[in-house]
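**Student:** Sequence:
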Amino acid sequence: MSTPRKILVTGASGYVGGRLVTALLADSINVRVYVRDARKIKGQDWANQVEIAEGNASDYNSTFAALKDIHTAYYLLHSINLGPNFDEIESAMARNFAKAAEAAGVSQIIYLGGIANDQKTSKHLQSRANTGKELATTSVSVMELRAGIIIGSGSASFEMLRHLTHRLPVMTTPKWVSNKTQPIAIRDVLWYLRNAAKLEKPVAGIFDIGGPEVLSYAQMMQKFAKLSGLRKRWIIKVPVLTPGLSSLWIGLVTPVPTALARPLVGSLISEVVADPAKSITHLIPLPPEGLIDVAGAIELALTNTTDNKVSTRWSDATLPTAPWQKAQSDPDWAGETLYKDSRDQETDASIENLWKTVEQIGGTTGWYGSDFLWFLRGLLDRLLGGVGLRRGRRDPLHLRVGDSLDFWRVESFESEKSLRLYAEMILPGKAWLEFKLEKLPNGKSKIIQEASYSPRGLGGQLYWFAVSPLHFLVFPTMLRNIVRSAKRKDYAARNA
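Going by numbering that gives the first Met the number 0, the residue at position 369 of the sequence shown is 368; the numbering climbs one at a time, nothing skipped.
Bear in mind the hints are in silico, worked out from the structure with no lab data behind them.
Please read all numbers here as calculations on a predicted model, not as lab measurements.
We treat Cβ as the ideally placed atom computed from N, Cα and C, and that holds for glycine.
Treat the hints with caution; some may be incorrect.
[Said to hold, decoys possible] Using C-beta positions, here's what the derived DEER-type ranges look like: (1) D36 / L382: 26 to 36 Å; (2) A37 / K416: 34 to 44 Å; (3) E351 / L379: 32 to 42 Å; (4) G456 / P168: 44 to 54 Å; (5) L372 / G204: 49 to 59 Å; (6) W233 / E449: 42 to 52 Å.
[Stated by the list, open to error] List time: in silico SDA-like cross-link candidates among lysine to any residue, alpha-carbon distance up to 20 Å: (7) K429 / A465; (8) K416 / G42; (9) K435 / D347.
Using the sequences and the hints, build the whole thing.
**Tutor:** Structure, rendered in structure tokens:
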């Protein structure tokens, strides 16, 4: 190649997209990312190594600007949480992207879709296939790679498998757990994606990518149990559990919310097996070490999870119109109201350990007191269709901008100075929780803890006054225990 190619990655804040950017940069490829909100990727290690284009793939002008001077564009977008007409939204978005790509002179589009060879396909899988068709409606060559279940640390499919197997030694399951599927490790997905960008000429066509094994979902669960040191799971198949009921159950038992579990479960009603006639090996050979089998993929995912090396997670991507993000504050013309609960405390605890304590909040650490009330709020959010507390966090020790944190999202982050969280729970308004640290002239440290809330209409205002009495239980306890934890860290460091 005489002129270095410039590559565009859409969905760079998502699970696959974030890892793909890392892989492409390792190959010394010139990368531009296209994201809705540039702030979300500032915490990524690669943020300063890429060009950043901001916009929405449904908007032609911003999409055209992002695609200008691009040779190859990765299309890694989906809209599965956008309500019952998500398939129409996905088709329109793909059509707009294709037209903008053609006008911008893009040579190649690479799209990651889902295997859809069974005559009985879910609405989700059919929409994935239709997205590929819409992308291919212009003169730009579209290489559609279709995968089944992706196994990797932090993937929604892996989290669903892991939590179902860990928490339920005896399961009543629908008949689809016996359907055949061909999982693939995220490492192998990235192998195909990154090498697709290196092909000499643009390629058009549909190619299935799958791992080396075909097995049922039930067999995958038993493999996971064995590798995790658990006893064999008892799986009792019943005919009454529809995909809809199954997704509700998964939403209650696992960190994956019902809205995301529904399309994942829906896909399992089909036989998701790669078609040998759609093999890609004549274009991209197998990895030198071969494809990773299911046991190997599970072991890698478990190891990375245990070692806190989860670089991206299913919850990294947010959809601005998802149910738990529809809440808006009052419009500007109405004069926005902002309620605050602000508390501060001076302490002898060091800034370093105060920050460590704040940064470790949520997930398995909890919220430093009143855990029962946090649990109830998380349960209520889950029952209303929100993400709840079980979403947890990507890393138990460190945060970055854009990370999900239980039912919060890291909005801003400055080490040893401030942490601002935005609420993604279902609310009649918008809410934030912020921590600020200061070093005082007298040598002490000061921590400021502030909860702020912007209501939507009368219902939003009534909500604030209804929960305010609970704030007197939750927030003083939280601040007090953060300071105590920091002091314990200081004491341990002095006596180490």
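**Student:** Evaluate each hint against the coordinates.
**Tutor:** Cross-check of the supplied hints:
no.	hint	verdict
1	D36 / L382: 26 to 36 Å	holds, 29 Å
2	A37 / K416: 34 to 44 Å	violated, 21 Å
3	E351 / L379: 32 to 42 Å	holds, 36 Å
4	G456 / P168: 44 to 54 Å	holds, 47 Å
5	L372 / G204: 49 to 59 Å	holds, 55 Å
6	W233 / E449: 42 to 52 Å	holds, 49 Å
7	K429 / A465	holds, 16 Å
8	K416 / G42	holds, 15 Å
9	K435 / D347	holds, 16 Å
Checked against the numbered hints above, the structure violates only hint 2.
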